[in-house]
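Going down the list, the protein sequences come from chains W and A.
According to the numbering used here, numbering within the first sequence proceeds without interruption in unit steps and concludes at 77.
According to the numbering used here, numbering within the second sequence proceeds without interruption in unit steps and concludes at 1105.
Please note that a few of the clues may not be correct.
Once the Cα atoms are required to be at most 27 angstroms apart in a straight line, the calculated DSS-like pairs of lysine-lysine come out as [stated by the list, open to error]: (1) W:Lys51 to A:Lys1034; (2) W:Lys71 to A:Lys1034; (3) W:Lys44 to A:Lys1034; (4) W:Lys71 to A:Lys1096; (5) W:Lys51 to A:Lys1008; (6) W:Lys71 to A:Lys1098; (7) A:Lys1098 to W:Lys51; (8) A:Lys1006 to W:Lys51; (9) W:Lys44 to A:Lys1103; (10) W:Lys51 to A:Lys1091.
The hints are simulated quantities; they were obtained by calculation from the structure and are not laboratory data.
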Amino acid sequence: MMSTSQLKKLLEERFPGAQVAVRDMTGTSDHFDVEIVSPVFAGKSLVEQHKLVHQAVGAHLTTTIHALQIKTRVPAS
Amino acid sequence: MWNQDKVKEVIQSDKVVIFGKGSRFEPMCGFTAKAIRIMDQYLADYTVVNIFDDENIRPSLVAVSGWPTTPQLFINGELIGGSDIMEELAKTGELKNKLTAAKAL
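Using the sequences provided together with the hints, build the complete structure.
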């Protein structure tokens, strides 16, 4: 099990300087909706952006985290 | 027997293929149901593979696509992504463009 604050911290570490928002979708601490605003997504396809998030979450995904709904954005310039 | 070659074969077997949890008409996961609901707005005839049909499907799929979760949408053999990407592409009209380009519409 992972808490929203733990996941938020993990994502903030993996995406330094990013704005991270995490929401527990089902109240069961294993279906999360995350929004990450970071310049690292610039110029990448959605698939590539989401793969970066998958890599950041690593082995948690499909073990402690069953499902992850991802919204990635580049900061408004 | 499901293995990586079979996954690649199925991905190429139809213009639109969704791998998910549950079947087309009995999805067993909210995100799979969402992916199907979105695609149903565009076309009726496409392939849905239920990863629960065989325990080898999921590991083979993940090895082929490099995407750890389901659902996974493929158009013309190309990984498009999960239900969140589908929703985003539907909003921007990009999903319709991809389906049109693939002559699925």
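Consistency of the hints with the structure:
For the proposed pair Lys51 (chain W) and Lys1034 (chain A), the alpha carbon gap of about 20 angstroms is at most 27 angstroms, so the pair holds. Between Lys71 (chain W) and Lys1034 (chain A) the CA atoms are separated by roughly 16 angstroms; this keeps the pair inside 27 angstroms, and the hint holds. Of the pairs offered as hints, the one joining Lys44 (chain W) and Lys1034 (chain A) holds, with about 24 angstroms between alpha carbons and a cut-off of 27 angstroms not exceeded. Proximity of Lys71 (chain W) to Lys1096 (chain A) is assessed by CA-CA distance (about 20 angstroms); at most 27 angstroms being required, the pair is judged to hold.
Restraint check for Lys51 (chain W) and Lys1008 (chain A): the C-alpha separation of about 20 angstroms stays at or below 27 angstroms, so the hint holds. Annotation: proposed proximity of Lys71 (chain W) to Lys1098 (chain A) holds, straight-line Cα distance about 20 angstroms (limit 27 angstroms). A hinted pair counts as satisfied when its Cα atoms are at most 27 angstroms apart, and Lys1098 (chain A) with Lys51 (chain W) qualifies at roughly 20 angstroms. A threshold of 27 angstroms between alpha carbons decides the hint, and for Lys1006 (chain A) with Lys51 (chain W) the separation of about 24 angstroms falls inside it, so the pair holds.
Restraint check for Lys44 (chain W) and Lys1103 (chain A): satisfied, since their Cα atoms lie roughly 25 angstroms apart, inside the 27 angstroms limit. For the hint pairing Lys51 (chain W) with Lys1091 (chain A), the CA-to-CA distance comes to about 21 angstroms; that is within 27 angstroms, so the pair holds.
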